[in-house]
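J.: If you read the sequences in order, they're chains W and Z. Just so you know, we're using the numbering used here here: the first sequence kicks off at 93 and counts up by one. Just so you know, we're using the numbering used here here: the second sequence kicks off at 1064 and counts up by one.
Among the clues, some could well be false.
[Said to hold, decoys possible] With a Cα cut of at most 25 angstroms, we get these calculated DSS-like pairs of lysine-lysine:
{"#": "1", "chain 1": "Z", "residue 1": "Lys1106", "chain 2": "W", "residue 2": "Lys198"}
{"#": "2", "chain 1": "W", "residue 1": "Lys133", "chain 2": "Z", "residue 2": "Lys1106"}
{"#": "3", "chain 1": "W", "residue 1": "Lys183", "chain 2": "W", "residue 2": "Lys136"}
{"#": "4", "chain 1": "W", "residue 1": "Lys136", "chain 2": "Z", "residue 2": "Lys1106"}
{"#": "5", "chain 1": "W", "residue 1": "Lys194", "chain 2": "W", "residue 2": "Lys130"}
{"#": "6", "chain 1": "W", "residue 1": "Lys136", "chain 2": "W", "residue 2": "Lys194"}
{"#": "7", "chain 1": "W", "residue 1": "Lys198", "chain 2": "W", "residue 2": "Lys130"}
{"#": "8", "chain 1": "Z", "residue 1": "Lys1106", "chain 2": "Z", "residue 2": "Lys1128"}
{"#": "9", "chain 1": "Z", "residue 1": "Lys1128", "chain 2": "W", "residue 2": "Lys130"}
{"#": "10", "chain 1": "W", "residue 1": "Lys133", "chain 2": "W", "residue 2": "Lys194"}
{"#": "11", "chain 1": "W", "residue 1": "Lys198", "chain 2": "W", "residue 2": "Lys136"}
{"#": "12", "chain 1": "W", "residue 1": "Lys133", "chain 2": "W", "residue 2": "Lys198"}
{"#": "13", "chain 1": "Z", "residue 1": "Lys1128", "chain 2": "W", "residue 2": "Lys198"}
{"#": "14", "chain 1": "Z", "residue 1": "Lys1106", "chain 2": "W", "residue 2": "Lys130"}
{"#": "15", "chain 1": "W", "residue 1": "Lys194", "chain 2": "Z", "residue 2": "Lys1106"}
[Claimed, not checked] One-sided and incomplete, this derived list gives chain W residues near chain Z with beta-carbon spacing under 10 angstroms:
{"#": "16", "residue": "Pro135"}
{"#": "17", "residue": "Ser143"}
{"#": "18", "residue": "Ser147"}
{"#": "19", "residue": "Gly191"}
In short, the hints are calculated from the structure, not lab data. Just so it is clear, CB atoms sit at the ideal spot from N, CA and C, and this is done for glycine as well.
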Amino acid sequence: IQLTQSPSSLSASVGDRVTITCRASQGIGSYLAWYQQKPGKAPKLLIYGASTLESGVPSRFSGSGSGTDFTLTISSLQPEDFATYHCQQVKSYPLTFGGGTKVEVK
Amino acid sequence: EVQLLESGGGLVQPGGSLRLSCAASGFDFSSQAMTWVRQAPGKGLEWVSFISASGGTTFYADSVKGRFTISRDNSENTLYLQMDSLRAEDTAVFYCATNLRTPPNYFDYCGQGTLVTVSS
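Just chain Z, with the same shape it has in the complex (with noise of 0.2 angstroms):
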């Protein structure tokens, strides 16, 4: 069975840091592009970065560019996002997704999300 559970989630203060990472189970994980999508309270859903299988190519949204760094444990089979000068506008849930079935990008798995809120 498929599973990524998300975790590190919690409460920080505006310019702190937080490590979130996602454990993947029951698929290769080395052999796929992961991605971390976000949505903040009552809005819509945010792409914020992606990683390539090697872990050799990465790409941000402009939100994020700078403060959020992505990246990945394949002998693990964690994927990671490192977020520093954490800010108020990035309090969210944060969900990790691939595609195992479908084309790129197109992600028919989901993990159940981790909360992050930014609030002193």
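Next comes chain W alone, as it looks inside the complex (with noise of 0.2 angstroms):
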């Protein structure tokens, strides 16, 4: 299963709405993950099931679709939120990640 994220990369400034998209080449239910990765760090899981937030994550982050359209939304940029944002498919094996998504500062 092949996931396309858009766009590879997007400027915004703190306080913009941001919206990520991840588009699955099959059917996935809502067995879709999201991940935020800084520089040299590892992934850091934000979002499960398509729209569960992980615990702890802050509420401004949201995750929603299924099938094969799922959207990645960051209500109000702060700014540790600069870092790139993956999403992640489980419904069958090989898991697959998105291409990733880079959001760095206007």
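Each chain sits in its own coordinate frame; assemble them with the hints.
T.: Structure below.
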């Protein structure tokens, strides 16, 4: 199952609403996760089951979608949110990740 | 405190071998499935391999099948990845990961990673 993220990068300012999309090559139900990764660090789980917020993750992060189209939204971008975001499907092996979306300072 | 500590990375020539280790602590390792994920420099994440809690079930990415072997020693709380016939395209940071509080394959815990460089 291929995952296509868009955009591959975006520039935004603190306070902006940011939306990242992930499209699966076939239906995966709600078997999708979102991770945040900062340079030199391991990925951090933000959302699983397409919309369930991982414990400790700020509520400005939200996920939606099912089937083939998914969205990660950051309602008001904070300085610590500049990072790369990855989607991942767990519907079937081999597990796959999207290509990543880098959120940069505008 | 949950810890996953990878080691064993380094520089190896094409065609060579390397064994990665992931030392686990702070949870019941013998009850947890484990996974290796890698990330080539400047690239996205790639799932590499899975092993069940008992070690009886394993899965591999097509890109490593037949060359990599995942294993575990539950008495030593350690996960391994034996990597043979290494290629330049295997150059990556390798992470071990697991799910402790989330459903299967959603990785709420990852190690800090170990860098493997395949080059002559």
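J.: A separate judgement is required for each hint: does it hold in the structure or not?
T.: Evaluation of the provided hints:
Between Lys1106 of chain Z and Lys198 of chain W the CA atoms are separated by roughly 22 angstroms; this keeps the pair inside 25 angstroms, and the hint holds. Proposed proximity of Lys133 of chain W and Lys1106 of chain Z is supported: the alpha carbons are some 14 angstroms apart, at most 25 angstroms. At most 25 angstroms may separate the alpha-carbon atoms for a hinted pair to count; Lys183 of chain W and Lys136 of chain W meet this at roughly 20 angstroms. Using a Cα cut-off of 25 angstroms, the hinted pair Lys136 of chain W and Lys1106 of chain Z holds, with the two alpha carbons roughly 16 angstroms apart.
In summary, the hint linking Lys194 of chain W to Lys130 of chain W is supported, as the alpha carbons are separated by about 10 angstroms, within the 25 angstroms threshold. Of the supplied pair hints, the one linking Lys136 of chain W and Lys194 of chain W holds, its CA atoms being roughly 15 angstroms apart against a limit of 25 angstroms. Restraint check for Lys198 of chain W and Lys130 of chain W: the C-alpha separation of about 17 angstroms stays at or below 25 angstroms, so the hint holds. As the CA atoms of Lys1106 of chain Z and Lys1128 of chain Z are separated by approximately 21 angstroms, the hinted pair is consistent with the 25 angstroms bound.
Restraint check: the Cα-Cα separation between Lys1128 of chain Z and Lys130 of chain W comes to about 29 angstroms, which exceeds 25 angstroms; the hinted pair is violated. At roughly 14 angstroms between alpha-carbon atoms, Lys133 of chain W and Lys194 of chain W fall within 25 angstroms of each other, so this suggested pair holds. A C-alpha spacing of about 23 angstroms is found between Lys198 of chain W and Lys136 of chain W, which places the hinted pair at or below 25 angstroms, so the restraint holds. Among the hinted pairs, Lys133 of chain W with Lys198 of chain W is consistent with the structure: their alpha-carbon atoms are about 23 angstroms apart, no more than 25 angstroms.
Pair hint Lys1128 of chain Z plus Lys198 of chain W does not hold up; C-alpha atoms about 42 angstroms apart against a cutoff of 25 angstroms. Of the supplied pair hints, the one linking Lys1106 of chain Z and Lys130 of chain W holds, its CA atoms being roughly 13 angstroms apart against a limit of 25 angstroms. With a C-alpha separation of about 11 angstroms, the suggested pair Lys194 of chain W and Lys1106 of chain Z falls inside the 25 angstroms cut-off, and the hint holds. With 10 angstroms as the threshold, the beta carbon of Pro135 of chain W comes within range of chain Z, its nearest partner Cβ sitting at about 6 angstroms, so the hint holds.
Checking Ser143 of chain W against chain Z: minimum C-beta separation of about 13 angstroms lies over 10 angstroms; hint violated. Restraint check, Ser147 of chain W versus chain Z: the minimum CB separation of about 7 angstroms is within 10 angstroms; hint holds. At its closest, the beta carbon of Gly191 of chain W sits 5 angstroms from a beta carbon of chain Z; the interface hint therefore holds under the 10 angstroms criterion.
Consistency with the previously given hints fails for numbers 9, 13, 17, ordered from lowest to highest.
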